[in-house]
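Chemist: Read off the chains here:
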Amino acid sequence: MMEKYLPYILIAPSLAYLLFFIGYPLAQGLYLAFTENGAFSLENIEYLLNSPFSKFWEALTDTFLLVLVIIPIQVAIALGLAMLFNMKFWGRNTALYLVILPLTISDVAAGLIWYSMLSTNGFFNKLLMNIGLIKEPIYFFGYEYRPMEFLAIVLTEVWRATAIVFVILFAGLQMISQDHIEAAEVFGANVWQRLRYIVFPMLKPSLQAALIIRTLFAFQIFGVVWVLAGRDIPVLAGEAYYEQVQLRHTGVAAIYALIIAAISVTIGYIYIKLFRAQYLEEGG
Amino acid sequence: MEESSIVKYYLRKIIIAGLVILAVLWVITPFVISILYAFASKTDYYSPNILIPLHYTLEHIQKLLDLGATRAIINSVIVAVITIIISFALGLPAGYAFAKFVFRGKDTLKLLIIGLRMFPILVIAVPLVTLYIKLGLNDSLLGVALAHTAMALPFVIIISSSIFAGVPKELEEAAMIFGLDRKGAFFRITMPLALPGLTAAAIFTFIMSWNEVFIASVLTLTNRTLPAFILTSAMAAPDFIKFAAGFIMIFPAMVFVFIARKYLITMWGITLK
Chain B
1 MMEKYLPYIL IAPSLAYLLF FIGYPLAQGL YLAFTENGAF SLENIEYLLN SPFSKFWEAL
61 TDTFLLVLVI IPIQVAIALG LAMLFNMKFW GRNTALYLVI LPLTISDVAA GLIWYSMLST
121 NGFFNKLLMN IGLIKEPIYF FGYEYRPMEF LAIVLTEVWR ATAIVFVILF AGLQMISQDH
181 IEAAEVFGAN VWQRLRYIVF PMLKPSLQAA LIIRTLFAFQ IFGVVWVLAG RDIPVLAGEA
241 YYEQVQLRHT GVAAIYALII AAISVTIGYI YIKLFRAQYL EEGG
Chain L
285 MEESSIVKYY LRKIIIAGLV ILAVLWVITP FVISILYAFA SKTDYYSPNI LIPLHYTLEH
345 IQKLLDLGAT RAIINSVIVA VITIIISFAL GLPAGYAFAK FVFRGKDTLK LLIIGLRMFP
405 ILVIAVPLVT LYIKLGLNDS LLGVALAHTA MALPFVIIIS SSIFAGVPKE LEEAAMIFGL
465 DRKGAFFRIT MPLALPGLTA AAIFTFIMSW NEVFIASVLT LTNRTLPAFI LTSAMAAPDF
525 IKFAAGFIMI FPAMVFVFIA RKYLITMWGI TLK
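Protein chains in written order, with this note's numbering: chain B, 1 to 284; chain L, 285 to 557.
Since the hints were made in silico from the structure, they are not lab data. Predicted model only: the values in this text are computed from it and were never measured. Please note that the accuracy of each hint is not assured.
[Claimed, not checked] Taking lysine-lysine pairs in the BS3-like style, the calculated list, with each CA pair at most 27 Å apart, reads:
| # | chain 1 | residue 1 | chain 2 | residue 2 |
| --- | --- | --- | --- | --- |
| 1 | L | 467 | L | 384 |
| 2 | L | 467 | B | 4 |
| 3 | B | 273 | B | 204 |
| 4 | L | 297 | B | 4 |
| 5 | L | 390 | L | 467 |
| 6 | L | 394 | B | 204 |
| 7 | B | 273 | L | 390 |
| 8 | L | 384 | L | 394 |
| 9 | L | 326 | L | 394 |
| 10 | B | 126 | L | 390 |
| 11 | L | 384 | L | 453 |
| 12 | L | 453 | B | 204 |
| 13 | L | 453 | L | 390 |
| 14 | L | 453 | L | 467 |
| 15 | B | 126 | L | 347 |
| 16 | L | 546 | B | 4 |
| 17 | B | 135 | L | 326 |
| 18 | B | 204 | B | 88 |
| 19 | L | 453 | B | 4 |
| 20 | B | 88 | L | 546 |
| 21 | L | 394 | B | 273 |
| 22 | L | 347 | B | 88 |
| 23 | L | 347 | L | 326 |
| 24 | L | 326 | B | 88 |
| 25 | L | 390 | B | 4 |
Isolated chain B (complex conformation) (with noise of 0.2 Å):
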């Protein structure tokens, strides 16, 4: 009888704490947002987007500009790479795990690791210089050189976090049976349909599921803006920690968090429909 219940005995404290920690946030983060000394308001709304303090419109564009950019570069690197990574070659462990360790790195740290690259007396700067190139170092950082502060931020984004979705890909990939290609080789099929007509559909579930991740990630982007630009470039969730920790606006903070748990899950229910919607139409 106690095997019946046994389960959900187990699984019950887990559930419990992550929607505590999930549902009582977003509950008080609704309070914070729409309240002043306990009465209902709308001065942190107002605030948000009329007051020249405020930056959420740019933070708003900014952040889905940069998503819209990174994305796509990141998931072409990435199914390059994991192509590439699929053929057999000598030392491809090592290779392997060379490429994927930013993995394990932070987003603060690759914001100084792109830094000691970029900056005025950084590598790239000398390199170029030293072979003769630029006479002018390029300056990456600063307020009026935001297109460039821009550009670093893609940069560093697409080394550190092209990784994960090479994972995601290339254990994809390892998964299609070489039968199928050998198969598809006796046929007559050449590359390129061999590609189309087998790689690609067997590795959807993995683009959809790499796509998801990444997406939802990267609209959190935060340390890696905050480390090469500051509030020059404002993102939601660096408005969200501007506006909590230097400001003290905590129902301002509480809107822009509300504002990414939104777009989170919006885009994962897009997703999520998108994706159902093909597979109903090709019947699997």
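Guided by the hints, dock chain L onto chain B, whose structure is given.
Modeler: For chain L alone, kept in the frame of chain B given last:
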């Protein structure tokens, strides 16, 4: 005909090798440079003609440690260890249940856990401040660890469930036939076999907590963890202090991952599905 296919064969090899070297260099160069710069002497760093530093010093690391990084490192380790303890105490039973039992609502519950793993956990930080002030947990390491547990727990459940599922059911059943009860079978058969995988999972949990910056920065004021300390204090410091900070942050992660490298791909493959 023969000759051209040989040429093709070697051409292919060369192209593959070239691409692999390019990929490895792209990833490795920033690591190497930032580590070299963390130990480079000031004059070498600021000299425009010295690309690879020639003189090295421990001065920058020492200065960073004196600025408060030592305390921050200790704080980070404490937070990570508490996070591992709580998330494993809660998560392993759940993982075991998902791996070894058939019960109603299993798929729904598992999907719920995976869904919660996708939740942008940093959004809990700001509202938690209010709760923590009431509970006296604000600016405390336990408070950060509790929030980090919320981040790590779904991961621990999913990964431990796949590790437990890898332990053959027959072994447990045999043990139970020979007179052990379920508890005995778990502790004497399943646990020892699952231990290497679980150790790797603990290492990953450690790194997850060690790297987390947003929640830690929002929830602490004086008891900073390392990333929170670096974000608030080291950013105004000179360049070489920043490089030292980068090095201190990546060093333990790289060591741990080297230890757990065997599990690296499988673990990420499983958890990110």
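Chemist: Next, verify each hint and record whether it holds.
Modeler: Verification of the supplied hints:
no.	hint	verdict
1	467(L) x 384(L)	13 Å, holds
2	467(L) x 4(B)	15 Å, holds
3	273(B) x 204(B)	15 Å, holds
4	297(L) x 4(B)	58 Å, violated
5	390(L) x 467(L)	21 Å, holds
6	394(L) x 204(B)	22 Å, holds
7	273(B) x 390(L)	22 Å, holds
8	384(L) x 394(L)	13 Å, holds
9	326(L) x 394(L)	54 Å, violated
10	126(B) x 390(L)	58 Å, violated
11	384(L) x 453(L)	8 Å, holds
12	453(L) x 204(B)	32 Å, violated
13	453(L) x 390(L)	18 Å, holds
14	453(L) x 467(L)	14 Å, holds
15	126(B) x 347(L)	26 Å, holds
16	546(L) x 4(B)	37 Å, violated
17	135(B) x 326(L)	22 Å, holds
18	204(B) x 88(B)	23 Å, holds
19	453(L) x 4(B)	18 Å, holds
20	88(B) x 546(L)	19 Å, holds
21	394(L) x 273(B)	19 Å, holds
22	347(L) x 88(B)	47 Å, violated
23	347(L) x 326(L)	13 Å, holds
24	326(L) x 88(B)	44 Å, violated
25	390(L) x 4(B)	13 Å, holds
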